[in-house]
Amino acid sequence: MRIALYVTCLIDLMRPGVGFAALRLLEATGADVVVPPAQTCCGQPAWSAGDRQTARLLAEKAIAELADYDHVVVPSGSCTDQLRNIYPQLFADDGHWGPRATALAARTFELTEYLARFAPELPLPDAEGGHVTYHDSCKGLRGLGIKQQPRALLARVKGLQLTEMADCEECCGFGGAFSVNFGDVSTRIVDRKCESIATVGADAVVGGDLGCLLNIEGRLRRRGDERTRVLHIAEVLAGGGES
Amino acid sequence: MHFHARAAERVRNPVLQKALQKAKPLFVGKRAKGVASLADDGLDFELLRSTAESIRNRVLADLDVWLDIFETRARVSGAEVLWARDGDEVARLVVDIAQRYGVTKAAKSKSMLSEEAQLNEALAAAGIRPVETDLGEYIVQLAGEAPSHIIAPAVHKTIGEIEALFAEAHGRPEQPRTSADIPAMTQEARAVLRQHFLSAEMGISGANFLIAETGSAALVTNEGNGRMVTTLPRVHVVVTGIEKIVPTLEDFSTLMRLLPRSATGQTISNYVSLLTGTRREGDQDGPEKTVFILVDNGRANLLGSAWQDMLRCIRCGACMNHCPVYFSLGGHAYGWVYPGPMGSVLTPLYTGIENALDLPHASTGCNQCGVVCPVRIPLPKLMHGLRETQVERGLRPWRERFALRAWAWVARRPALYRWLTRGAVRYLRWLVDGSGRIRVFGMAPGWTDGRDLAAGSGKTFHELYAARKRA
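First to last, the sequence lines map onto chains X and C. In the numbering used here, each number is its position in the first sequence, counted from 1, plus 23. In the numbering used here, each number is its position in the second sequence, counted from 1, plus 12.
There may be inaccurate statements among the hints.
Straight-line alpha carbon distances no greater than 30 Å define the calculated DSSO-like cross-link-like pairs of lysine-lysine that follow [unchecked claim]:
| no. | chain 1 | residue 1 | chain 2 | residue 2 |
| --- | --- | --- | --- | --- |
| 1 | C | K45 | C | K34 |
| 2 | C | K471 | C | K481 |
| 3 | C | K36 | C | K393 |
| 4 | C | K42 | C | K301 |
| 5 | C | K45 | C | K30 |
| 6 | X | K170 | X | K181 |
| 7 | X | K170 | C | K42 |
| 8 | C | K45 | C | K393 |
| 9 | C | K30 | C | K42 |
| 10 | X | K170 | C | K34 |
| 11 | C | K301 | X | K170 |
| 12 | C | K117 | C | K301 |
| 13 | X | K170 | C | K481 |
| 14 | X | K170 | C | K36 |
I should point out that these hints are in silico values taken from the structure, not numbers from a laboratory.
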């Protein structure tokens with residue numbers, strides 16, 4: 024079993040520790056885990072901006088370099104959504120790339136989805152302790168139907184207590200370029216998320232998408248909250264913590 | 013004023029924010045309860061959605077035929093049917109009718125289409141006084157504003173603001189008010205409006221649906237004003253969009269399972285009126301003259317286009333009620349008649365894609381609208397399609413297009429990409445201040461105006477991974 028870990032450009036740039044945490048988790052399943060060396064970005068920013076042509080160029084690149092693996096695992100709901108749901112749309116009328124996109128879509132999994140499905144018995148390290156709350160990212164939840172998987176995994180971490188916050192399914196306001204192009208609106212939205220997090224009073228807010236997490240963390244810190252940790256679920260499950 | 017400027021003003025308006033903050037959980041909670049209550053009747057929401065979607069699709073596939081049937085049936089029952097190409101034509105037709113019948117005052121039940129046509133302005137210019145009789149519409153009319161929500165027009169107003177408007181309009185001193193005073197304030201408006209119902213010579217309403225088999229307009233209201241407007245004045249004018257047709261009463265009843273629940277969470281609205289023709293012999297009430305004005309105003313252009321799905325809309329407001337952007341800004345920020353996700357699709361389509369460039373981008377793509385829409389309109393997909401159309405027509409700023417292409421050009425060359433990203437993460441690290449984070453980032457001020465930016469570790473994952481493999 025050969026698994027490709029698609030690290031995502033955001034993790035590559037902003038928090039490499041998440042990539043290594045995902046790598047440790049996947050290696051622990053006993054699979055042969057490869058980080059395809061030529062990977063860069065799935066092209067979601069271009070697609071999201073409406074630049075279909077550019078999105079297709081990057082999609083072709085990803086489809087080609089991920090073709091030879093049994094599974095492709097992505098520690099991000101939104102990048103998984105791009106590979107699974109958007110690529111086949113991008114090539115719907117393309118006889119060459121269309122079938123390849125569809126085949127890749129069927130082999131691509133978000134990290135928690137993958138672990139819950141293919142490694143339900145994977146031993147997880149004890150928590151460093153603490154009380155967490157989980158933020159459902161939009162593309163993971165409404166694009167891929169990921170809801171129970173992260174919770175089931177977190178429930179297996181000894182010493183970890185999960186308390187749901189109000190409106191955990193509500194968008195954090197990130198939205199990729201939206202967060203920069205409409206910064207003040209995005210800030211207003213993430214403020215409400217910060218209030219929900221504060222009400223729960225957890226030690227950490229956990230999520231599966233680094234974009235959302237950077238947004239939430241950035242706003243929490245700007246509001247003066249230096250205490251609440253903001254963790255990717257891979258970091259919690261691999262016991263790595265922030266890096 | 014552009015969307016950005018309107019949005020900036022509104023996120024910083026504490027009174028507006030207070031009003032919105034209060035309304036959102038009510039809308040969301042009520043709808044959730046309403047949808048859950050379907051199970052009490054042994055109904056399944058997803059199944060009903062599919063049925064509703066197909067009813068609406070069936071109409072849109074043969075809209076001309078259904079409109080023909082409606083026109084014939086409506087005429088048989090004594091109504092006049094007129095057609096309007098656009099808003100100006102609507103205004104002209106209504107003013108003509110008003111003048112023909114010597115109307116000096118028109119009582120209006122809520123109609124978003126009359127906002128498209130700027131009908132109140134046209135009536136006033138012709139010396140006819142339009143009086144809005146829906147409570148929310150009455151409030152925004154007193155304020156000289158437009159509705160900010162399609163089913164809750166004054167949702168942006170606090171009770172204090174409404175009290176000030178009432179005190180001035182009703183000629184009494186202002187008093188401190190709390191939500192306990194809402195019934196009293198409603199009674200006050202009711203007493204004023206009652207006089208208007210009795211003295212208006214013309215009633216103007218919209219229609220939630222037009223039922224082809226009976227030639228009727230269906231009106232869904234909660235305050236009873238709709239019934240007054242459509243039965244007391246001598247003349248009743250229905251102004252509505254051509255897409256509002258449903259084939260049968262049975263179809264109407266299916267859609268009514270979803271409309272009130274999606275809008276206010278009610279299993280059924282307080283009033284459901286089916287208005288057919290004019291007053292018949294022996295009838296206690298009803299207008300002597302009923303006129304349907306069926307309006308295109310951009311709708312026919314969507315038929316057969318990539319945007320046809322949007323015409324399924326039954327105007328419940330669920331999309332905006334679940335929209336994080338709508339509840340950060342309120343409806344006026346959207347700049348035209350329709351706010352929220354449905355507005356971000358309709359405004360560019362009805363007023364010109366080039367005139368509303370920001371709206372399809374003013375979305376996080378969260379799809380909370382898409383999952384609540386009772387007729388399964390894929391709103392994020394439509395907004396995305398509009399983004400693609402902007403790119404295809406060269407309507408995006410050249411800097412954005414250039415930046416995307418340059419970035420993608422690099423991203424297709426992994427060696428160059430690695431080299432440049434190594435530089436980028438070092439640059440980010442260099443920007444860090446004493447807090448360990450970036451507080452001002454000139455390349456994306458939109459981010460750091462409101463948030464810190466974590467700077468990462470100064471090395472990329474791929475760089476660290478390569479080093480690990482070498483070790």
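Status of each hint after checking the structure:
1. K45(C) with K34(C): 18 Å, holds
2. K471(C) with K481(C): 15 Å, holds
3. K36(C) with K393(C): With a Cα-Cα distance of about 24 Å, the restraint between K36(C) and K393(C) holds, given a limit of 30 Å.
4. K42(C) with K301(C): Between K42(C) and K301(C) the Cα gap is close to 38 Å, so the pair fails against 30 Å, i.e. violated.
5. K45(C) with K30(C): 24 Å, holds
6. K170(X) with K181(X): 20 Å, holds
7. K170(X) with K42(C): 23 Å, holds
8. K45(C) with K393(C): Given that 30 Å is the threshold and the Cα spacing comes to 27 Å, the pair holds.
9. K30(C) with K42(C): 19 Å, holds
10. K170(X) with K34(C): Holds - the C-alpha atoms of K34(C) and K170(X) are around 28 Å apart, at most 30 Å.
11. K301(C) with K170(X): Cα-Cα ~56 Å, so violated.
12. K117(C) with K301(C): 16 Å, holds
13. K170(X) with K481(C): 35 Å, violated
14. K170(X) with K36(C): Roughly 23 Å between the alpha carbons, so the hint for K170(X) and K36(C) holds.
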